[in-house]
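Colleague: Work out the full structure, taking the sequences as your base and the hints as a guide.
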Amino acid sequence: MNGTIEAPTIEYALLAPLLVVFGAAIVGVLVEAFAPRYLRSAIHLPLTLLSLAGAFALAVWQAVKGVPTEPAAMGAIAVDGPALFIWGTILILAFASVLLIKDEEHFVGAAAAVPGSAEEEQALVERAAHTEVYPLLLFAVGGMLLFPAANDLLVAFVALEVMSLPLYLLCGLARRRRLLSQEAAVKYFLLGAFSSAFFLYGTALLYGYAGSVDLVKINQALGSVGGQDTLLYIGAAMLGVGLLFKIGAAPFQSWKPDVYQGSPTPITALMASGTLVAAFGALLRVFWVGLGGLDWDWRPVLYGVAILTMVVGAILAITQTDIKRMLAYSSIAHGGFLLIGVIATGHTQAENTSALTGLLFYLVAYGFTTVGAFAVVTMVRDAGGEAWHLSRWAGLGKRSPLLAGVFAFFLLAFAGIPLTSGFFGKYAVFQAAVANGATPLVIIGVVASAVAAFFYVRVIVLMFFSDPAADGPSVVLPSRGTAAVVGFAALATVVLGVFPQPVLDLAHTAAQSLFVR
Amino acid sequence: MPWLSTLMGVSVLGALGVTLVRNDKLAKQFTLVVSLIVLALTVAMAVQFSPNGDKFQFAETYDWIPAFGVHYGVAVDGIALVLILLSVILVPIVVLASWHDAEAGKRSVRTYFSLLLVLEAMMIGVFAATDVFLFYVFFEAMLIPMYFMIGSYGGAQRSYAAVKFLLYSLFGGLLMLVAVIALYSIAGKGTFMFTDLVGTIQDVTTQKWLFLGFFIAFAIKAPLWPFHTWLPDAAAQAPAGAAVLLVGVLDKVGTYGMLRFCLELFPDAAKFFTPLVITLSVIGIVYGAIVAIGQTDMKRLIAYTSVSHFGFIAMGVFAMTTTAGAGATLYMVNHGFSTGALFLIAGFLIYRRGSQYIADYGGVQKVAPILAGTFLVAGLSSLSLPGLSTFVSEFMVLTGTFQRYVVPSVIATVGVILAAIYILWMYQRTMNGPTAESVKSLPDLNAREKWVVAPLVALLLVFGFYPKPLLDVIHPAVQDTLSSVSVTDPQPAVPVAQEGQ
Amino acid sequence: MEPAEIIQHSGGAIGAAWLMIALPLVGAAVLLLGGRRTDKFGHLLGVLMAVASFVVAALSFVQLLGFAPGERRRGIELYEFIPGLAKMGLLVDPLSISFCLLITFVGSLIHVYSIGYMAHDPNRRRFFAYLNLFVAAMLLLVLADNYVALFVGWEGVGLASYLLIGFWQHKPSAATAAKKAFIVNRVGDFGLLIGIFTIFATFHTLAFDGVLANADKASSGTLTAIGLLLLVGACGKSAQLPLQSWLLDAMEGPTPVSALIHAATMVTAGVYLIVRSGPIFQGAETAQIVVTIVGVATLLAGAIIGTAKDDIKKALAGSTMSQIGYMVLAAGIGKAGYAFAIAHLITHGFFKADMFLGAGSVMHAMNDEVNMRKYGALRKVMPVTFVTFLIGYLAIIGFPLLSGYFTKDGIIETVMEHNAVLGWLAVLGAGITGFYMSRLVFMTFFGAKRWEPTAHPHESPAVMTWPLIILSIGAIGLGAFLVLGNRFMTFLAPAVGAPEEMPAFHPFSPTGLATLALVAAGAVFAWLKYGRAEVPALAPRGSFLTTFARRDLYGDALNEALFMRPGQWLTRLAVFFDNRGVDGLVNGLAAGIGGTSGRLRRVQTGFVRSYALSIFLGAALLAGAWLVVGNL
Amino acid sequence: MTTHYLVLSALLFAIGGVGVLVRRNAIVVFMCVELMLNACNLAFVTFARQNGNLDGQVIAFFVMIVAAAEVVIGLAIIVTIFRTRRSASVDDVSLLKY
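Chains as they are written, first to last, in the numbering used here: chain A, 83 to 599; chain B, 2 to 502; chain C, 325 to 956; chain D, 4 to 101.
By construction, these hints were calculated from the structure, which means they are not laboratory data. Quick caveat, the model's predicted, so the values are computed rather than measured. Ideal Cβ positions, reconstructed from N, Cα and C, are used throughout, including at glycine. Just so you know, nobody snuck in bad clues.
A partial selection of chain C residues facing chain D, derived with a Cβ cut-off under 10 Å:
no.: 1; residue: Q928
no.: 2; residue: T929
no.: 3; residue: R933
no.: 4; residue: L937
no.: 5; residue: F940
no.: 6; residue: A943
Derived CB-CB ranges, DEER-like:
no.: 7; chain 1: A; residue 1: L121; chain 2: D; residue 2: H7; range: 55 to 65 Å
no.: 8; chain 1: A; residue 1: L121; chain 2: C; residue 2: V927; range: 41 to 51 Å
no.: 9; chain 1: C; residue 1: V927; chain 2: B; residue 2: S484; range: 51 to 61 Å
no.: 10; chain 1: D; residue 1: S90; chain 2: A; residue 2: A200; range: 19 to 29 Å
no.: 11; chain 1: B; residue 1: P67; chain 2: A; residue 2: V576; range: 15 to 25 Å
no.: 12; chain 1: D; residue 1: Q60; chain 2: A; residue 2: E93; range: 18 to 28 Å
no.: 13; chain 1: A; residue 1: D549; chain 2: B; residue 2: A360; range: 26 to 36 Å
no.: 14; chain 1: D; residue 1: Q60; chain 2: A; residue 2: L121; range: 42 to 52 Å
no.: 15; chain 1: C; residue 1: A885; chain 2: B; residue 2: D361; range: 27 to 37 Å
no.: 16; chain 1: C; residue 1: K364; chain 2: B; residue 2: P456; range: 26 to 36 Å
no.: 17; chain 1: D; residue 1: V74; chain 2: A; residue 2: E93; range: 30 to 40 Å
no.: 18; chain 1: A; residue 1: D549; chain 2: C; residue 2: D880; range: 50 to 60 Å
no.: 19; chain 1: C; residue 1: I331; chain 2: B; residue 2: P491; range: 27 to 37 Å
Modeller: Structure representation (structure tokens):
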């Protein structure tokens with residue numbers, strides 16, 4: 083090479099969804115800077131929603147127009163079938179989360195004000211609001227879109243940070259229980275930074291091994307380069323730490339319960355759905371594309387991780403008394419189930435396709451149900467804000483049967499009862515795993531989900547079979563947005579549970595050509 | 002005409018309709034009407050069933066989830082038909098019987114009855130499913146309405162019982178799920194249609210594993226010893242009506258599954274495990290009866306008698322002789338009627354006095370002779386007195402089993418003696434002797450309750466003396482099943498040329 | 325000579341034989357379903373049905389006589405009962421028709437008698453319903469042409485007996501007795517059932533003609549097994565040792581019940597079963613021997629029990645056991661004994677029913693007092709009862725020329741030829757019979773009044789006395805009619821076969837004389853002890869032997885020690901095991917997981933640094949694992 | 004000879020990691036994370052030299068920028084919680100547990 087750098091080519095059309103979101107985010111920042119306070123939220127909301135919708139539309143157009151078979155932006159970003167599918171999913175989920183955020187109830191007036199201080203009082207009085215929430219969220223979503231599409235580890239790292247940093251902040255902005263919220267923020271931030279350091283170090287080692295951070299090149303190097311396996315293994319492991327941390331797989335799950343519990347519920351919803359989807363997309367790409375040739379080595383490792391994750395998630399959830407914390411553990415358990423799908427790679431492309439299809443379907447099903455569940459959580463409140471403690475949910479089935487019914491339905495979906503989306507999600511993944519000889523893992527999986535069923539059922543028992551507490555929580559009349567989210571999620575859970583075929587087809591076409599190489 | 006879909010459709014629509022009706026009384030009547038319509042339709046279907054026609058009739062098959070090779074496939078053979086008949090006959094009776102059950106807990110009456118109809122649809126579906134996956138879906142989904150019926154409308158311990166019931170069955174179901182998936186991918190047919198899957202699994206070891214996956218689920222459902230302990234709790238806590246459907250129909254899915262899936266899909270494994278299953282059944286027969294004798298709670302007692310009876314059924318299924326198989330199938334039907342009657346009449350009694358404990362009764366016969374009389378008839382059917390249909394089935398099961406397994410069937414026959422003890426002793430303690438103070442003012446059966454009991458008793462008597470109509474339908478199906486397992490009945494030592502024997 | 329072929333038959337009274345069963349069944353149904361509405365005429369309907377069924381039986385009998393002896397086995401197809409197992413069909417042949425006549429005739433009389441006896445019972449209608457039910461079931465039992473249908477009748481009569489013993493169910497003793505009767509019978513049925521299974525496994529049919537005609541083809545081992553199993557059934561139904569204990573308690577039932585079910589008809593079903601299954605037993609030496617032993621043992625046991633009872637009905641019950649013992653003994657001998665067994669069964673039906681009804685009329689007069697020590701000198705106040713009872717008494721002890729003399733003596737003679745030991749034991753039994761029956765008569769009708777002050781004995785109404793009279797006529801003449809000239813044996817031959825040369829009847833055979841002598845001795849001894857001597861109002865403590873007899877030879881004590889107590893213990897154990905053991909395991913597992921969770925969640929300390937540590941270690945673990953796997 | 008640099012970077016990374024585990028003060032903990040990032044940078048640069056392409060060095064710049072952004076966010080959060088609790092010790096923030 084002779085030092086001259088030729089100008090890179092960038093397929094703006096392909097990246098349009100990304101650019102829209104990021105662009106909107108920057109506009110949002112400008113709005114914060116220049117628009118008068120009373121106008122801001124009036125501008126932000128449509129801006130955010132429109133940008134997300136627009137991005138979604140673009141992604142769809144992209145998919146219709148024909149999925150590119152070449153990585154874009156000089157091989158930095160791969161806009162392929164799975165990526166587009168995941169983009170679509172994330173955008174819908176983000177849209178839903180925004181609808182939840184809409185009623186300011188959730189966010190602190192003045193984050194800088196010390197809880198219980200005069201300033202806070204004042205902030206409340208003048209109904210101050212942190213409208214930065216919207217641009218922050220957009221940045222996070224942008225990161226989420228970029229993360230699974232990143233075709234080289236550097237972009238992946240940047241995307242990781244772009245996704246995480248805004249979330250760190252958003253976690254700390256809860257209006258009520260501010261101490262918890264701030265604590266969540268600190269924990270998430272420190273641990274997140276810690277883990278991303280691992281990710282970066284892993285990147286460095288792999289770079290050292292392959293001489294490039296491009297996933298495809300790394301994969302090619304796997305065969306050719308010799309003698310530096312230690313470098314490779316440790317590097318891959320470090321990379322794994324960073325990714326597994328984001329999905330909250332054991333033993334990297336410890337942040338999840340605390341952060342999910344402390345954060346404002348809409349943000350929890352976004353993290354539990356969007357981040358998880360994004361992280362899995364990235365995990366898949368890194369392991370299937372970057373380390374594809376290494377699967378005989380990483381499969382046993384992930385095998386162990388999956389088992390540990392399912393067991394830890396299922397078992398610890400049993401004794402939880404806080405609804406959000408319980409959902410956090412449940413999402414850990416589901417992370418375990420999803421990992422089964424990651425492991426279920428086979429020898430033929432068809433097998434891999436079916437595994438990927440199952441995984442994508444599971445992500446959609448789980449994401450929608452999760453958003454719905456958290457949306458319901460935002461609606462059950464008492465004097466101190468949302469009623470988190472399970473004992474407060476007793477007898478909800480009598481006070482507001484409809485809401486309780488919907489929530490029960492979501493729980494059954496989590497438990498994977500037939501005729502709900504959750505069942506087909508699990509089924510698709512398990513089937514792929516069995517087909518590729520991971521039957522023992524599946525057996526552990528079903529045992530874990532039997533255990534998991536217990537705590538979902540326990541909530542149903544509380545809501546329906548036990549009598550309401552005298553000063554039980556009241557169910558607020560949902561804002562139109564929240565109602566829409568709950569309704570949509572419920573609908574999705576039913577439809578995917580009864581007629582999964584269309585979405586399965588979609589996922590299948592998306593997974594058809596697997597990831598571009 | 003798509004009979005089976007119509008049946009399910011009517012009940013589902015009925016369920017929706019009930020939720021829309023505003024007034025409770027109307028809702029009840031509506032439910033009753035719907036269930037009667039379903040009954041009528043089913044009978045209309047049954048008369049068109051030709052016993053010696055194709056194995057599966059009234060078949061409908063549509064793709065449901067091509068990606069998984071899953072179909073919406075329903076059809077009936079003789080076995081399924083009689084079980085569906087059982088279900089649709091029991092539902093209206095249960096509706097009539099639980100007229101006031103739902104009100105006890107100050108909970109939504111409409112929900113109760115709409116759950117009832119949903120359950121009916123699922124009961125029809127689970128027996129009619131010709132697609133293994135569809136069967137599994139119904140198998141699991143059925144749990145939910147029953148779970149709510151027990152949990153919301155049951156007795157003091159209801160939530161414990163409901164959770165235990167759900168988790169126990171769910172666990173079995175999940176194991177079965179693994180087997181279902183494995184069956185699909187090992188068969189490699191790309192379809193879940195039962196008929197296509199029969200005989201695809203050749204390797205015996207594989208068969209054994211898959212068999213276990215299915216069997217454990219069914220053994221929990223049935224329930225077979227030692228997987229039975231959820232039943233007494235569930236049955237004792239459930240409202241009488243729900244208990245009838247639980248023990249009368251839902252549990253039959255277990256034994257039905259053994260006959261339909263365990264035998265036909267995994268014949269070699271079935272033969273391999275027969276000794277084990279027969280042992281469990283025999284233990285269950287004797288053990289269940291002995292434990293029943295020791296019960297102090299009426300509903301628990303009845304539940305344990307069912308454990309004993311399910312032992313008979315499972316034994317009949319795995320004896321693999323035509324007589325035993327047909328007997329077992331008939332047993333499933335009769336047991337539904339007889340235990341149904343027992344539970345309902347016990348329910349009437351409990352509803353009046355407000356206690357499930359045998360000790361709280363005594364001398365009821367004097368104040369409520371009709372109640373006592375019908376209770377006795379139901380009891381006698383439970384101890385399978387000749388002249389009542391249960392005798393026919395039990396006799397067939399034992400005779401058929403004896404042809405192949407002498408010792409087990411002899412031990413099982415001890416159950417006949419024990420049955421006399423638990424039934425008659427309970428009857429004596431509740432109905433005979435000096436009338437207890439607490440029941441002095443007990444009213445006798447009212448018109449509605451008589452209408453509940455009459456059909457059951459009638460069925461028990463009619464099929465007790467003339468089981469032919471049922472057996473003519475059952476026999477070909479059972480023979481077909483056994484031939485696909487490729488077993489033949491043992492030959493007599495002294496062959497006697499007998500016309501029509 | 326062998327039994328004749330069965331000929332399919334239709335038409336005539338025999339063709340309508342099913343009416344015999346149907347009529348009383350309808351009666352029962354109407355009375356049970358009709359409820360209070362039928363109270364007024366319930367008893368009349370009951371009687372009508374019984375009589376109607378007798379008429380059918382009589383007509384069928386006449387038609388049967390019309391056929392040549394070799395063609396007197398007529399089978400009637402009704403419908404297919406259990407496809408592949410059995411058809412519902414009837415077999416009208418000399419054997420079954422004799423039973424039909426006995427059942428319907430004596431049954432009708434007892435129905436009539438009951439009108440008076442139950443006059444004051446509020447539930448008389450239900451009583452008649454049950455009686456009709458019984459008659460129907462009993463007729464099905466004897467008319468069935470296969471073992472399944474027979475079993476249906478078999479348990480049907482068991483049910484009727486359960487209902488009738490417990491008819492006064494407000495009395496705990498009655499309820500318990502009823503339950504006991506049913507359960508003990510079930511133990512017998514257990515044997516019968518397995519016998520039937522074996523038959524099916526062997527012949528693949530359960531029809532009599534199929535099985536019995538081919539019995540000789542089966543191995544003697546199989547036949548022995550079947551025979552013994554059938555015997556178990558017979559013991560249960562006919563209160564033979566070791567399943568006798570229920571019969572004495574069964575006396576809790578109203579007296580007509582004791583007369584009809586527990587003396588005349590149901591308890592003889594065992595004998596019917598053995599005789600009907602003759603070919604099987606003839607192929608099984610051992611089985612036959614066991615049958616005879618059971619018979620002898622029971623006839624002695626019953627007699628001994630009879631000697632010690634002060635309760636008039638229990639004394640009679642003991643005697644019933646004993647008499648049935650005679651029949652079983654005879655039936656065990658084979659073709660030579662069948663005729664006598666059945667003949668004695670019929671005559672016994674008459675005179676025992678006669679005496680039971682007599683006892684009933686006495687109780688009726690003494691406001692339901694059953695303790696004979698409270699009777700005495702009743703012959704003056706109730707002459708009809710006395711005379712009829714006396715006839716029955718003479719008949720049973722075998723007073724020359726009365727029924728019992730011919731039939732019982734016939735049995736003893738035959739047994740004597742078959743096996744001397746058994747014979748002499750039978751004779752001994754006859755002697756004891758002489759004693760306890762005399763004791764009973766003397767204590768009841770002779771001696772001084774020992775009545776309760778409240779008692780005002782009087783003769784019973786005509787509706788009760790006429791049946792007595794008719795029955796006593798039977799008790800007088802029937803024996804001679806049947807036995808003389810082997811009339812009955814020749815009649816039965818087509819059904820059950822007969823010995824090669826017919827036994828000649830000689831009135832003063834040594835055995836006969838010995839029997840008479842012993843009986844006389846017994847009677848005299850009884851006279852000395854209870855006729856002439858003063859009978860103490862309270863039973864004296866008596867010797868060990870007396871208590872032994874009073875306690876029913878410790879039969880109940882034995883059952884309690886062997887079955888009841890261990891049973892209760894086992895039950896308690898099983899219940900405990902089920903709750904703690906099986907269920908405990910499940911709940912324990914759940915609790916275990918919960919506990920694990922409770923401990924495990926402590927790991928989530930809430931300290932960032934511990935989380936970081938877990939990540940750090942996790943990373944190390946991951947890298948380590950990877951290195952290991954990678955370098956494999 | 005590049006191995007020395009690698010060893011050094013590994014050392015730094017380890018020190019940073021351990022620092023995160025042992026130090027209580029949130030700021031210091033955060034600094035340790037930064038140290039880890041810089042260890043990575045060193046590794047990148049070294050490998051760049053070893054592999055003879057510039058990517059590694061370019062990446063180092065990216066990382067610095069990201070690190071800077073992280074600092075901004077981090078300090079914001081830490082300062083807030085410090086104002087609330089008057090303590091920057093990470094061991095004090097342990098309300099969320101089990």
